[in-house]
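Student: Sequence:
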Amino acid sequence: MIQISQHGPVTRFKMGREIDGRVMYWCAAYQVGDVLIDSGCVHTAPDLLGALRGRGVRAVLNTHHHEDHIGGNALLARELGVELWAPAASLERLAAPEKELYPYQMLMWGPAPPSRPRALGREVRAGEFRLEVIPAPGHSDDLVVYYEPVQGWAFVSDLWVAARQKTSRDHENSRRILTAQKALAERQPRVMFTGLGEVVEPADPALAESIAFLEQMADQVLGMVSRGMEPPEMVKVLFGRESSLMGMTQDQLSYENFVRSFLKGA
1 MIQISQHGPV TRFKMGREID GRVMYWCAAY QVGDVLIDSG CVHTAPDLLG
51 ALRGRGVRAV LNTHHHEDHI GGNALLAREL GVELWAPAAS LERLAAPEKE
101 LYPYQMLMWG PAPPSRPRAL GREVRAGEFR LEVIPAPGHS DDLVVYYEPV
151 QGWAFVSDLW VAARQKTSRD HENSRRILTA QKALAERQPR VMFTGLGEVV
201 EPADPALAES IAFLEQMADQ VLGMVSRGME PPEMVKVLFG RESSLMGMTQ
251 DQLSYENFVR SFLKGA
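As numbered in UniProt numbering, the sequence shown has no gaps in its residue numbers, which increase by one up to the final residue, 266.
Bear in mind the hints are in silico, worked out from the structure with no lab data behind them.
Here the structure is a predicted model, which is why all the values come from computation and not from measurement.
Among the hints, a few may not be true.
Heads up, simulated DSBU-like pairs for lysine-lysine below, C-alpha to C-alpha not over 30 angstroms straight-line [stated by the list, open to error]:
| # | residue 1 | residue 2 |
| --- | --- | --- |
| 1 | K264 | K182 |
| 2 | K166 | K99 |
| 3 | K264 | K166 |
| 4 | K236 | K264 |
| 5 | K236 | K166 |
| 6 | K166 | K182 |
| 7 | K182 | K99 |
| 8 | K236 | K99 |
Construct the complete structure from the given sequences, taking the supplied hints into account.
Tutor: Below is the structure:
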């Protein structure tokens with residue numbers, strides 16, 4: 001399924017695999033000028049290809065290497081002749097994407113075909129717009145945000161998912177996410193375009209709430225560490241129980257991983 005909507009000069013393509021009439025998890029791509037930011041998952045790539053025909057897209061810019069952001073790369077490059085660009089740290093992983101995914105990843109997104117983007121510089125021209133490329137590691141080590149300084153548009157991908165995002169996967173680092181969110185907040189973005197397809201306007205209050213929440217969680221977790229508590233016990237104190245997403249995602253999206261994400265180096 002694909003939903004297309006206009007947000008000023010930005011076109012949003014909100015996509016997801018429909019199962020029994022329901023999309024369980026959305027992903028998104030955004031057209032700015034003549035570039036497309038991210039390409040969704042492989043399950044929705046044919047829909048995205050059809051939607052992009054005649055829209056004048058010359059290039060796809062990836063935010064990071066996860067399969068729900070790069071799945072359309074190969075098809076769009078082959079059928080539309082678009083250029084592919086990605087963070088330098090993503091390139092090897094895009095050339096040989098992970099094939100052994102968790103069952104929930106296979107169901108919702110599927111394994112991305114190999115693609116060979118070129119490495120991004122510090123900025124990209126997108127028609128009349130200029131996109132700054134800002135490293136924002138934490139959700140993944142290679143994540144970047146695209147920021148249009150004149151318009152105040154921040155294409156944040158998965159740097160911001162919700163104001164009080166309480167689950168993490170085992171590779172995430174919430175201390176680095178907090179640092180990246182603070183750096184973005186200093187730029188005072190007007191609008192955030194997220195990896196799930198949410199358009200957050202005004203952006204400042206949502207960023208501020210997330211930053212305050214992550215700071216509070218960091219203080220509480222480190223306080224419990226000083227008292228000798230282990231992560232499973234912390235989950236009970238903070239949330240009362242484990243997230244229902246833990247079972248659905250084969251122990252990946254969980255409160256415990258969220259707690260553990262504060263114990264990693266910044």
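Student: Taking only the CA atoms, is the gap from K236 to K99 under or equal to 30 angstroms?
Tutor: Not OK: K236 and K99 at ~35 angstroms, beyond 30 angstroms, violated.
Student: Given the hinted pair K166 and K182, is their Cα-Cα distance within 30 angstroms?
Tutor: Holds, because 18 angstroms separates the two Cα atoms, which is no more than 30 angstroms.
Student: Between K182 and K99, is the straight-line Cα distance small enough, at 30 angstroms or below?
Tutor: violated, 34 angstroms
Student: Please work out if K264 and K166 have their alpha carbons no farther apart than 30 angstroms.
Tutor: This hinted pair holds, its Cα atoms lying about 16 angstroms apart.
Student: Quick one, are K236 and K264 close enough, alpha carbons at most 30 angstroms?
Tutor: holds, 20 angstroms
Student: Against the 30 angstroms threshold, does the CA-CA distance of K166 and K99 hold or violate the hint?
Tutor: holds, 27 angstroms
Student: When you check the alpha-carbon spacing of K236 and K166, does it fall within 30 angstroms?
Tutor: holds, 13 angstroms
Student: Between K264 and K182, does the CA-CA distance stay at or below 30 angstroms?
Tutor: Holds, at roughly 18 angstroms.
Going through the hint list in order, the structure does not satisfy hints 7, 8.
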